[in-house]
Every structure is written in structure tokens, then in C-alpha cells.
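Sequential numbering from 1 applies to the sequence shown in the working numbering.
These are calculated hints, taken from the structure and not from any lab test. For every residue, glycine included, the Cβ atom is placed at its ideal position computed from N, Cα and C. Among the hints, erroneous ones may be present.
Claimed, not checked - Computed spacing ranges between beta-carbons, pair by pair: (1) N53 x G291: 31 to 39 angstroms; (2) R206 x P32: 17 to 25 angstroms; (3) D58 x D230: 34 to 42 angstroms; (4) P160 x R62: 34 to 42 angstroms; (5) D38 x T181: 28 to 36 angstroms; (6) D81 x T181: 31 to 39 angstroms; (7) R27 x R206: 40 to 48 angstroms; (8) R62 x E19: 40 to 48 angstroms.
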Amino acid sequence: MLVSPSGPTNPERLDRGLELLAEWGLRAVPGPHAYARDGYLAGTDADRAADLNAAFADPRIRGVLCTRGGYGAQRMVDAIDMAAVRHDPKVVAGFSDITALQFALWRGARLAAVHGPGLAWRDERTPAASAESLRSALMSTDPVTIKAVETEETAGVRVPGSAAGPLLGGNLCLITSSIGTADMPDLTGAVLLVEEVQEPLYKIDRMLTHLRRAGALDGLAGVALGQFTDCSDDWGTGLTTMLLERLGDLGVPVLGGLPIGHGPGQLSVPVGAPATLDATAGVLTVEAAVG
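Given only the sequences and the hints, what does the whole structure look like? Please build it.
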């Protein structure tokens, strides 16, 4: 089932996503409110939650694919029927604002999910390799391996070493805005995944500093840095310098350059699944979210 837990979707882009799913041999059903619009939300909170609960309760539905991010998931996650999620676990895919939904599902049902593109598909940003990465993450039980790419914005951020633990996280704004809620996971022993889009460096610094001061990063096993897309710098600090300054002294391996996030060529990766981060070799390996 295709659902829109956050912002309203683009029908033409969703048509392209439906084409992809059909090519993979999947039968996709848009949720009743998948195309809804209520300002910057994809319908009312009750309607968006109803679509998710309908998907979780229907034994014929084996995957719940979000059309896009935007904003709104945090407004309705408390209405999710976690008993239904636990009774019949299904893979949930999305990213950006969907980090809030994936945090809630991890808290309420320990459900592993897939951090990957929404099904309102843009071939120019997510070409064939992105599509294959999402297909594999959804339909294969093989581990997912992602290698650092030298041309990514965060490629220069690296603290050598290796770590193992559940991969948790996603979009930095949503991680930070989860502090103080029931959904903020205990990151002790976890590999933290972080990516961001269209934020100035001082705001990224502020969010990372907030996480540090709140104690959220205490006991981390490692940090996996995805794409920091269109993040501006008006003072010449530099993204690499700032990230190393905020993360390099945590005493854990840090690996940047991973093509995970809002940038071109986005790849998909399970979250909530066991992971191994080898910052020395530049590789993140995560067990499948499906079984």
C-alpha cells in the first residue's frame, strides 16, 4: 500500500513510482488518502493515521511504502495501532520526515524499516541504481552494503575504526525534534545514521550540539554520515570542518561519504537492523529489514 503520512504527493511522480513497482512484479494499492491535500499536509491527521492502520491491519498488504516526506508524521504517530504492527510485521519504506514514523515503529514494535526514496519518483534524482537499491532492500534477505563515495559532500569526514550495532536514525531535523518524546531511541550501542538537506551549517551545528548536550550521543557505537544536500555556508567554515569538530571527538568511528539521503543517486538502507560500520575501509553493511 502506498501511503502519505506527511506532505501531499505529486500525482505524476507517483504514477512513475507505480510503474516501477509493477516492473518489480508488485501489486500496489494507493491508500484512500494517498493523494489528499490539506495545506502542507496530505489530509487530516486522522486520515493519514487511518491509511497506515488500514495497511498494518490488512493481511494482504506486505509492504507499506511512503510517497514522500515533507512534514506531518509526528502529528499522527501516536494514533498508530502498534498491536497490529506487532501482530503482522511489514516492511515500511521512506525517508526524510518518515524518520519520525520509523522511530515510532521501532519504539512501539521494534520494527526494522527501509530508509529509501519515496514512491513519488524522480528519475533525474533517483536513477536506475537507486531503483535497484530500493528493490533489493524491499525484496531481498541479503545484507545491504554501501560504500563511501569520494564525491559526496561528507566524504572528508572520517574517524577510522569499526563498530557494530543497530543502525538507527535518518534525517537530522527529525532526530533532534524527537528529543523528549517517547520515540527518541536509546542510541547506546547503536550506529547513528545522519543526513540532512537545505539547512545552513550553523543550524546543523546547533542540532548536533543539542544532541550532544542532551546526552543522546553518549554510548554511541559509531556514526554513519549520509548526504548533506544544499547545506549552505556563508562564513567559510566548511561542512567537513564543522562535522569533524562536532563528531570527531566522540571516541567512535565516523564514516562520511555515504550516498544516503536527499541527494542524487540516493541508495536505500535498512534501519533498525544490525549493522557493521568499517570506517577504515569505508563500508557500511546492514542486515536485511525483511525476512
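Evaluated hints:
Between N53 and G291 the beta carbon distance is about 23 angstroms. The supplied range of 31 to 39 angstroms is therefore violated. Restraint check, R206 to P32: a C-beta distance of roughly 39 angstroms breaks the suggested window 17 to 25 angstroms. At roughly 38 angstroms, the beta-carbon separation of D58 and D230 lies within the given 34 to 42 angstroms, and the hint holds. Separated by about 40 angstroms at the C-beta atoms, P160 and R62 satisfy the suggested range of 34 to 42 angstroms.
Judged by the Cβ atoms, the range 28 to 36 angstroms given for D38 and T181 is violated: they are separated by roughly 23 angstroms. Between D81 and T181 the beta carbon distance is about 19 angstroms. The supplied range of 31 to 39 angstroms is therefore violated. Between R27 and R206 the C-beta distance comes to about 45 angstroms, which sits within the given range of 40 to 48 angstroms. Range check, R62 to E19: about 19 angstroms between beta-carbon atoms, so the 40 to 48 angstroms window is missed.
Figure legend: structure checked against the earlier numbered hints; hints not met, in rising order: 1, 2, 5, 6, 8.
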